[in-house]
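With the hints as extra help, turn the sequences into a complete structure.
4 protein chains.
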Amino acid sequence: MTRIGIGIVGGGYMGKAHAVAMSAVGAVFDTALRPRLEMVAASSPESAERYRAAFGFARAAPDWRALVDDPAVEAVIIATPQATHREIAEAAFARGKPVFCEKPLGDSLAAARAMTAAAEAAGVANMVGFNYSRTPATQFARKLLAEGAIGQVTWFRGEHTEDFLADPSIPFNWRCAGRANGNLGDLAPHPINAALALMGPIESVLAEVETVHRTRPGGTVTNDDHAQIMCRFANGVKGHIYASRIATGRKMGYAYEIHGTRGAIRFDQEDQNALWLYRTDDPEPERGFRKILTGPAHPDYAAFCQGPGHGTGYQDQIIIEAKDFLTAIETGAPVWPTFRDGLAVAEVVEAALASARDGAWTRVTQV
Amino acid sequence: MTRIGIGIVGGGYMGKAHAVAMSAVGAVFDTALRPRLEMVAASSPESAERYRAAFGFARAAPDWRALVDDPAVEAVIIATPQATHREIAEAAFARGKPVFCEKPLGDSLAAARAMTAAAEAAGVANMVGFNYSRTPATQFARKLLAEGAIGQVTWFRGEHTEDFLADPSIPFNWRCAGRANGNLGDLAPHPINAALALMGPIESVLAEVETVHRTRPGGTVTNDDHAQIMCRFANGVKGHIYASRIATGRKMGYAYEIHGTRGAIRFDQEDQNALWLYRTDDPEPERGFRKILTGPAHPDYAAFCQGPGHGTGYQDQIIIEAKDFLTAIETGAPVWPTFRDGLAVAEVVEAALASARDGAWTRVTQV
Amino acid sequence: MTRIGIGIVGGGYMGKAHAVAMSAVGAVFDTALRPRLEMVAASSPESAERYRAAFGFARAAPDWRALVDDPAVEAVIIATPQATHREIAEAAFARGKPVFCEKPLGDSLAAARAMTAAAEAAGVANMVGFNYSRTPATQFARKLLAEGAIGQVTWFRGEHTEDFLADPSIPFNWRCAGRANGNLGDLAPHPINAALALMGPIESVLAEVETVHRTRPGGTVTNDDHAQIMCRFANGVKGHIYASRIATGRKMGYAYEIHGTRGAIRFDQEDQNALWLYRTDDPEPERGFRKILTGPAHPDYAAFCQGPGHGTGYQDQIIIEAKDFLTAIETGAPVWPTFRDGLAVAEVVEAALASARDGAWTRVTQV
Amino acid sequence: MTRIGIGIVGGGYMGKAHAVAMSAVGAVFDTALRPRLEMVAASSPESAERYRAAFGFARAAPDWRALVDDPAVEAVIIATPQATHREIAEAAFARGKPVFCEKPLGDSLAAARAMTAAAEAAGVANMVGFNYSRTPATQFARKLLAEGAIGQVTWFRGEHTEDFLADPSIPFNWRCAGRANGNLGDLAPHPINAALALMGPIESVLAEVETVHRTRPGGTVTNDDHAQIMCRFANGVKGHIYASRIATGRKMGYAYEIHGTRGAIRFDQEDQNALWLYRTDDPEPERGFRKILTGPAHPDYAAFCQGPGHGTGYQDQIIIEAKDFLTAIETGAPVWPTFRDGLAVAEVVEAALASARDGAWTRVTQV
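Residue numbers (the working numbering), protein chains in the order written: chain U, 184 to 550; chain B, 184 to 550; chain X, 184 to 550; chain G, 184 to 550.
In short, the hints are calculated from the structure, not lab data.
Because identical chains cannot be distinguished in the list, a pair is counted as satisfied if it fits within a single copy or across any two copies.
Below, simulated DMTMM-like cross-link-like pairs (lysine to aspartate or glutamate); rule was C-alpha separation at most 20 Å, straight line:
#, residue 1, residue 2
1, K326, E467
2, K326, E469
3, K326, E440
4, K421, D350
5, K326, D524
6, K286, E270
7, K286, E303
8, K286, E273
What follows is the structure in structure tokens.
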């Protein structure tokens with residue numbers, strides 16, 4: 184067994200999730216390459232020390248540069264605000280270190296392009312953290328679609344809906360300014376990534392983007408609350424994507440439904456251990472959506488539990504990401520979603536913004 | 184108790200539903216005005232006689248004109264193909280007879296306008312058959328929204344999805360030609376009507392309309408299979424409407440979800456006896472969508488059953504329509520949805536078609 | 184087409200349901216034999232006249248005897264309190280008239296036995312009103328079981344739960360006295376009937392019967408609030424039945440689940456248009472309970488609607504009963520459930536009471 | 184931060200779960216006391232070495248005695264077959280070491296009693312692994328009940344249903360012999376523990392225990408496949424418990440429903456992130472079961488994720504157990520469920536067996 188020194192930049196919500204994942208992943212997946220929690224960096228040395236102690240890292244870094252430079256840090260996880268992604272990633276790649284970056288890839292299309300170029304120039308493992316696509320259910324949905332289980336696909340609808348800003352009396356906070364922190368920058372990448380993963384490339388979009396609550400106690404909101412995107416996939420299929428941070432009652436509405444000529448698939452992350460499958464080859468009186476509970480028969484589930492229906496949760500998705508990142512490092516082969524996959528999402532976001540501005544169908548440009 | 188002679192034109196699917204409804208409505212609602220199944224007309228005298236015997240009418244008409252002319256027919260129900268709606272309705276109104284017309288109102292915007300003008304010139308009861316908006320659940324949803332139960336509304340999503348043409352090997356049939364028989368003409372009016380009923384007028388739309396299966400055994404399909412409409416309501420709220428006849432697995436997907444600043448509502452006609460309501464004034468740890476089973480506390484339910492949760496079904500919606508039509512005739516006061524309400528739906532359909540052609544936001548014009 | 188004069192005794196909740204059903208059944212099912220709403224009787228001539236006018240009967244009877252004696256009344260529906268069932272039924276049978284009696288069959292085992300004997304001596308059509316077993320879903324479940332769709336059955340659980348007396352502050356009323364009006368007399372017959380219909384005869388029971396709220400404003404409760412019954416079917420399968428009128432939150436909890444070696448079935452009347460079926464011959468990764476929406480492929484559905492998933496409701500069950508009663512009269516062949524089937528339910532209730540008293544397994548005696 | 188050396192006996196299904204949990208718990212909960220994966224023992228030194236490498240322990244033990252004796256092992260987790268629990272636990276307690284023992288507590292009531300006595304004589308931390316009661320949902324249900332949220336409780340129904348032996352062609356294996364490996368020994372303790380946790384002590388039971396598939400390829404089954412228990416709680420409430428390993432279609436049917444005079448609670452582990460709550464103080468037209476998605480407002484959830492509805496899974500339950508065990512060790516105060524709580528479960532199992540043998544109500548004896 185080989186150990187690799189992991190450095191995490193950022194100790195908040197996602198930094199913690201990755202720290203936990205790196206603590207557990209070896210025991211869960213019996214990986215050949217095992218992580219060593221080497222170093223954590225944060226917005227200040229004091230925060231870093233606090234995270235070090237809380238999460239069990241060997242050392243705290245005075246700042247992210249020291250972490251990236253440290254020879255014992257052999258792979259870097261970026262779990263900081265989006266505006267900082269690019270600089271950190273580029274520095275790590277410059278040192279030939281594999282990088283796992285939280286979604287979305289930087290705070291603009293330009294950043295995503297630069298980061299992808301840096302990753303590919305470095306030729307090292309690079310991944311983006313679209314954790315929701317890691318559930319056994321969604322992995323299984325991808326597999327079913329790839330196998331043609333529902334025939335020719337004819338419609339896709341995806342959404343990511345939460346309600347953390349649904350109440351207009353919630354005071355202005357950091358999420359309320361900066362395009363990348365808005366709904367389109369922050370939440371929409373999830374269903375866009377799902378659309379790409381399940382359906383393939385998006386060719387053009389027609390979007391509508393809106394700030395519903397324009398003022399909040401303490402400030403004026405300058406990014407969007409929700410957005411809808413009509414889309415045309417490269418395979419000719421039409422679809423609709425919706426993302427919202429004001430979807431009252433929805434807590435984790437990462438959901439999709441896909442119709443095909445011989446079946447249909449439905450999923451909602453709020454019940455993440457079930458995939459609904461309809462098949463027209465069932466005898467007619469018995470046709471119906473099957474509620475398939477995930478189990479060892481589905482991707483990555485067996486590592487967590489031998490019994491079907493026992494369920495995986497949010498943190499387990501991050502553990503699966505950790506396993507995939509270690510695998511990419513060990514094998515040298517890219518593991519989806521790479522930075523290029525993250526870039527594809529950024530391109531759709533950019534096209535959606537342009538479309539909403541123009542009120543017209545807009546092609547998604549790909550480098 | 185007064186009896187009114189009912190004439191039904193058309194004895195198929197919807198003609199039967201209205202015949203059953205008129206047979207039952209008096210006993211269900213103890214209406215002041217009671218129907219008498221006077222006459223049925225169909226595409227031939229032989230069919231009419233068959234329907235007469237099956238449904239229990241007193242007489243069969245040789246054709247619809249004879250029915251409309253017959254002095255014992257005091258109110259007319261039109262349950263024929265859409266292309267015939269206008270002529271029949273105009274004839275009935277010309278004789279001062281109340282008319283209940285199945286949705287949609289005629290086969291074009293011009294027809295809907297002419298029919299509405301005729302209805303209003305006649306000054307008699309006129310209604311359109313949007314049966315799905317008659318469930319106790321959807322009536323209750325309208326009431327909740329009217330009372331502001333979920334605060335300021337911020338999003339509407341509606342759909343009507345079925346799968347009767349999802350299989351491309353289904354042969355070409357009458358549904359496959361004629362704009363009015365297509366998905367946008369036939370199914371989309373349901374969720375458009377729901378949108379108008381729940382949210383108020385639609386100001387502009389941006390639509391996409393598609394024939395997915397362009398050829399079928401026996402013919403070339405000339406109308407649409409599915410359509411999506413981004414919409415802006417007059418009250419400023421944004422929304423999305425989807426209608427499809429190729430939505431594999433969906434049998435009666437008349438569904439909507441509405442977000443507001445203080446709550447949310449969800450409904451799916453496939454479980455038509457439940458309305459889902461979320462309220463932010465519940466204490467936080469107890470917040471969740473409540474599955475409200477319809478019962479005597481909800482509109483029109485008590486007439487069918489004294490016990491909550493016992494359920495109403497498709498046919499009961501038609502009985503409610505029958506009660507409303509009789510009420511409109513008896514009281515002389517309009518009962519929603521009138522021909523003018525049906526016209527409003529046709530205007531949205533027209534705008535959607537224009538928008539899909541132009542790929543641009545299109546205003547809904549109202550006469 | 185032949186018409187038969189129907190007399191209904193009782194104009195309350197169930198009397199109305201049967202009046203509506205008899206108004207509608209001919210149009211719904213195009214029955215060969217058609218009902219004529221001849222006469223209604225009630226607790227007083229005044230009530231009878233009120234019901235006559237409300238439901239559209241030709242005549243009101245001064246009392247039930249007059250109705251039974253009236254030559255124009257050719258078939259009798261009994262929708263009165265249970266204590267009166269026997270006398271009315273015996274009188275009707277004595278005159279050779281077919282009888283449809285609401286469940287349960289009389290107010291005691293003795294009554295049920297006498298009524299069954301009278302029915303069989305008369306040799307005319309006789310049925311008991313277990314309406315919940317008439318849904319297309321439950322009829323389809325019976326068919327699936329009869330075909331062995333889930334292999335060898337290994338477990339049955341059934342319940343009927345409502346909450347109309349869950350609140351102890353609800354005043355004492357007629358439901359609170361008299362064994363037949365209690366939960367075991369009134370509600371338990373439903374799941375017992377379901378158990379017999381789906382599984383076959385019950386051999387022995389061990390029951391527990393309890394009055395939870397012993398006093399209510401205005402009186403002392405003398406019958407039970409809920410009861411549980413462990414049972415052993417004649418086919419060797421074990422099961423459990425629960426009935427309650429204090430099941431807070433449950434409105435129409437007529438529900439069952441059945442396990443077999445090759446599948447399972449689940450149903451809940453609160454979502455009466457769905458049957459859940461699990462089959463082990465699905466490939467393992469795709470196994471799951473299918474939510475089958477009832478449609479024209481299922482028994483009796485097509486008469487109400489051509490589209491699947493459009494749904495039937497409570498009143499439709501009574502219309503199905505009306506069709507079955509007319510069929511039994513017309514054909515002379517018994518239609519399930521006959522009085523003998525109702526008697527089988529009464530025998531289980533009797534055994535449950537004895538078992539609860541003795542705290543021991545008790546055989547169900549059958550005449 | 185203090186570290187404590189953890190020794191795990193057993194490296195199979197549950198041993199792995201505890202190893203993962205001990206790897207992750209510090210980072211998840213920022214516990215004051217942190218585990219050190221010191222040693223693992225298994226059925227052979229070779230297995231132990233394999234587990235050591237896979238799970239990341241410092242050392243492998245030649246056998247469990249060496250592990251218990253090792254001074255660096257400061258706390259012992261027992262994850263072995265039930266027949267071995269007692270010996271290992273007694274040895275650990277004899278050395279004054281805290282013990283976490285997988286459920287059930289030993290393979291007989293005698294074993295459970297001896298183990299509890301040993302634990303209490305040692306005066307060290309002791310816990311039993313009823314992991315399903317650790318979900319945020321079930322912890323919240325306990326809290327709601329303790330606060331009287333649903334008024335006076337009137338009924339409890341609990342079950343634990345899986346289907347791993349539903350197919351009679353599954354060959355005879357170790358689960359098919361030995362009372363403790365049967366359904367009543369292995370699965371029933373889960374819902375019994377739930378019943379005790381949610382409702383308090385059980386006073387008497389009447390049970391039925393059955394081996395449905397008596398022979399399997401390769402052997403004769405000598406323990407039970409499913410069992411039902413009618414029970415009377417010490418607080419006077421009645422209930423029913425069912426456990427099965429042949430419940431086709433059920434994968435993790437740890438479920439309960441509880442009725443009270445002012446509300447009701449429902450839960451099913453197959454959708455472990457939702458608790459259903461009904462409250463009668465909602466206005467009548469809005470009453471319904473609320474689907475509450477677990478979130479930071481519920482016990483132990485926030486450590487895993489800041490967002491509600493993101494979900495916890497099976498492995499997270501074991502992490503919560505690890506946190507509780509560390510807390511018990513650190514604080515010296517007992518944390519539920521202790522060995523005594525595990526003993527209470529064993530007493531109900533014993534009473535159920537006696538009752539099934541006698542076919543009569545049987546008191547649960549408590550030491």
